[in-house]
Amino acid sequence: MYDFVRELFPICRSITGDGVRRTLAIIKREIPDLHVDEVASGTQAFDWTVPNEWSIRGGYIEDSAGHRIVDFADNNLHIVGYSTPIDATMELNELQRHLHSLPDQPDAIPYVTSYYKPRWGFCLADRQRKSLKPGKYRVVIDSTLQAGHLSYADYVLPGESRDEVLISTYVCHPSMANNELSGPAVAVWLAKSLMSLTTRRLTYRFVFVPETIGSIVYLSRHLEYLQQHVIAGFVITCVGDDRGYSLMPSREGTTLADRVAEHVLQHHVDNFTKYSFLQRGSDERQYCSVGVDLPVTSIMRSKYAAYDEYHTSLDNMDLISPQGLSGAYRLYSLCLRILEANRCYRTSGPCEPQLGRRGLYPTLSTKDSAAQVRSMMNFLAYADGQRDLLAIAEIIGVPAVELIPLAEQLLQADVLVAVSR
Amino acid sequence: MYDFVRELFPICRSITGDGVRRTLAIIKREIPDLHVDEVASGTQAFDWTVPNEWSIRGGYIEDSAGHRIVDFADNNLHIVGYSTPIDATMELNELQRHLHSLPDQPDAIPYVTSYYKPRWGFCLADRQRKSLKPGKYRVVIDSTLQAGHLSYADYVLPGESRDEVLISTYVCHPSMANNELSGPAVAVWLAKSLMSLTTRRLTYRFVFVPETIGSIVYLSRHLEYLQQHVIAGFVITCVGDDRGYSLMPSREGTTLADRVAEHVLQHHVDNFTKYSFLQRGSDERQYCSVGVDLPVTSIMRSKYAAYDEYHTSLDNMDLISPQGLSGAYRLYSLCLRILEANRCYRTSGPCEPQLGRRGLYPTLSTKDSAAQVRSMMNFLAYADGQRDLLAIAEIIGVPAVELIPLAEQLLQADVLVAVSR
Amino acid sequence: MYDFVRELFPICRSITGDGVRRTLAIIKREIPDLHVDEVASGTQAFDWTVPNEWSIRGGYIEDSAGHRIVDFADNNLHIVGYSTPIDATMELNELQRHLHSLPDQPDAIPYVTSYYKPRWGFCLADRQRKSLKPGKYRVVIDSTLQAGHLSYADYVLPGESRDEVLISTYVCHPSMANNELSGPAVAVWLAKSLMSLTTRRLTYRFVFVPETIGSIVYLSRHLEYLQQHVIAGFVITCVGDDRGYSLMPSREGTTLADRVAEHVLQHHVDNFTKYSFLQRGSDERQYCSVGVDLPVTSIMRSKYAAYDEYHTSLDNMDLISPQGLSGAYRLYSLCLRILEANRCYRTSGPCEPQLGRRGLYPTLSTKDSAAQVRSMMNFLAYADGQRDLLAIAEIIGVPAVELIPLAEQLLQADVLVAVSR
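So the sequence lines, in the order shown, correspond to chains B, S and E.
For the first sequence, the residue numbers in this note's numbering are 1 to 421.
For the second sequence, the residue numbers in this note's numbering are 1 to 421.
For the third sequence, the residue numbers in this note's numbering are 1 to 421.
If you are wondering where the hints come from, they were derived from the structure by calculation, not from laboratory data.
You may find that some hints are simply not true.
What the hints assert, rightly or not - If we take Cβ atoms under 8 Å as the criterion, some of the chain S residues that face chain B in the derived model are:
no., residue
1, 364
2, 378
3, 381
Glycine included, every Cβ here is placed at the ideal spot set by N, Cα and C.
Extracted from the complex, chain B is given alone in its bound form (with noise of 0.2 Å):
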């Protein structure tokens, strides 16, 4: 995964343009059956209308000696994103309308966009914008901002119900490593892993679209069927570093997504941050909008807007490991597990089934009991039919994972059935 963000990093992507599309095009090669859509520039999606597509082929600035002071080509952060294309000489003081630093991070290069009012500017270290001196400065940015298309992709991979989990992550930002490429690496990878597997119960949904805009779209296209088959959801963003987990639940809180994720934390991982939805930034804005209701929640490493590095040119491969993505990887894969496996159970007759004589219950009665067989006995307690895997998981006190295998013994040993969910 650390690998496959280092390819995705120099790219300069937006909400629109040749950097989604390359990315992409990347993730197809991982994930063949990927289907990649367009739509027109003007097309409307709810309230939204789909922007013009901006195309950035280089900029700069320029001091009186003829110096390069500023490069587009050193770092794509240095182009405010959605710029309209200039070329122009000015005075220091003039220049300054169209710079932006940050004074408390003096090294670091910010991310700013533009997306829906036209202007230009230009990004940089506040310590490099400090030094500049008064003075004529040429100003150039090789863009163009004119009709074109959204581009996004998704890849539906069917099991044996049409329950579906959707995973959405977004491919809109230029350099940016955990606040973007982690989030399309973790999700490739799991649809990779899932893509492996003989069988499924459950569908897949992997979107992989413009922040905001591109969910929007998403959403207005697919609306009615996703609130019919997506039982829950997740916006994979902010995986890739190794600092503490979080979790951003939905707008209610307490979904099929947030119950899962929210397990998984509690129980595989030593303390995370469960942030309120009223700190929420990405997708899950509109997929948790009042209409959409979607289930959709984020398990999350260092959350955006709430490390220093974020959008700017720190959130770079250096703050991302390999033990971070993977670390991600490991609870999402525990929370499809969990969902596989997350059907309402019921005990097939009243009172307790004999045990023992299965070789499930131990046949000398002493003062102890083994803990396999209490979380068995406990299973069978609450196992009425109306609570799933995950409810009596919580009640028991124990991860839902140990009870799959327990709940598949139980089963074949004809003293649990399946309720149909």
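Based on these hints, arrange chains S and E on the given structure of chain B.
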């Protein structure tokens, strides 16, 4: 309001009689459309019967030297409310059976009544009582207890909707400031403020009654209408002193009146005491009784029966203050302002609206976002057509009054609709 | 009760056999209308089959010098329950495979059974076991394991209503005091107390069964009737020692049995341990199983599996006491008394009734009011026809038993009606 209380203070009110009539006349001077009514003694009201009317003209205790040592003319608390007439001379030890004082508060004259059992008595400071010497005393009470009327008044200020806010207060205590006259003062000033508005969504009903028997009589005549139309109500009492704020919830504690009162206290004062309904003691006893079940609470300052001066001569003009009254007035005004705007709202479409093109969202995306924009986005996130303004304010964690102008902006921008309620 | 336990203590009970029959005969002496029944070995009960009947006449281990070093005649725990017959001589190391002892409790003889797999064995103190010298030992168990019957008994004491309280206890352990005989003793004395009442609103069902298989058999014969009529039930077990009190909730923890048991513990003992249903271990395993779902809890003193002497020879007459038994008896009596009165009540009309003219309210209004009057007014405030006596007591914060005479007064005063339930 303080001057208004000062004007009403000297009048000797009881649950019937000219004291109530004079008080209602002064209120009518402020609220010209006040509707004053009377019901005859002997009238049945649910389980109760309107008692005889009590007229008190004077009374005193005279010692053997002919000095009037206790005199109604000095303080109308000196005579037990509803005392039967007497003119007799007796030994101190016989008189003692008719005297009431408070050993723990030696300088306070207690307030004592006997509405439903004929008796006579005097109240005096315990210090004075202890100084009485054996000997003969003449006791005179010049009162009449005979068929007459019980007086009360109401005032209905109509709005666009027949949904009503009920404001009830009582007018049956003699010279007592916090636990009586602060209530009518704040109620009258709220009525005057509402009268001055050009439009009102809600209808407001102000009720001025003798406590207990008066609210029972009022309910017996209006119960069905009130049950159909009152959406929130307040018993305004004990709102005059400078000490802390407090809340008396309704019986179930979950009505709109509970929600708005608690929200206002939580957001607009530093701290407050939330009492249990088990500590009730005013007309919420009737309004919240089984079979009446109106949504009625009280925001108070020092609650009846919870401060030392309660029901004594120390509950006087020194105990209350203009600041005390205006503090309570401000909180009730906030409640009414929120209730006016407290509809359910729903976003116009799925997904977030594009606020940027309406000038409601910054066009430049940087790391920061303003609190105002956050509140607006959060309001939209929870505007699901089920939650009212108060519920959304509680989730977002901001004062509901701050959401009122935001809701107005969003309604005008056509991204929000008000769901009738 | 203590003497009754002493009489039953020496009998060697198991889940079948003459020990149970003799025990039930002694119970029938106290409850003449006890109905004793038997079911044949091989009978199917849900997932279970009634096992062969076990008859034990004696058994011992004899050392090479001819001394009986372990003898059933000394303590009936010495032989593993349901041991098959044997008469053989063997080396110590072979014998060891059939010995059971507790290294952590070197002086305690453990209680071990093997109901559903044929084997034989001896239990002895670990100190004695360690003293055994290599050599030959003769082992004799004079038992029979063959088709016979399983015995159990019940007793139904009818009341005005067919709503039932179920009281179940077990009679299948050999000489053990707290975890066995305390239960039948308290159950029998509760039955005797109820028999002496001239009127009872509720019907009471007492069940005496071998644990697990006995309750399963009983449920297989009465399930539908019990599900229709039992409103609360108790498994009475471990109610004999002097240590703290404890509560085993039902599976869902919200039944009437849970509510009354927890209320009584909260108001009538200093403190208690509330266990989780995950720590269950007696017949609530069956009564609260999915598909049975009866409202059954246990008030206990030291809970099975939670005290050192449990299932050893130390659970004897010294562990329990008359005080221990009577303390538990008192709490169950309180539960039954509350259940008898636990109807829903409703005030006769809107608003508070005028209690003064009925002599139930002070005629003189001063600053104070009595606790009794407060409870009465609070009871009326929450008597909404939906809440039962227990629910009102919980809200008011007073013991439910104190509300019983108040409710009676209010019913007689015609200000309250009992809503049938």
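Hints, one by one, checked against the model:
1. 364: 5 Å, holds
2. 378: 6 Å, holds
3. 381: 6 Å, holds
Figure legend: structure checked against the earlier numbered hints; every hint is met.
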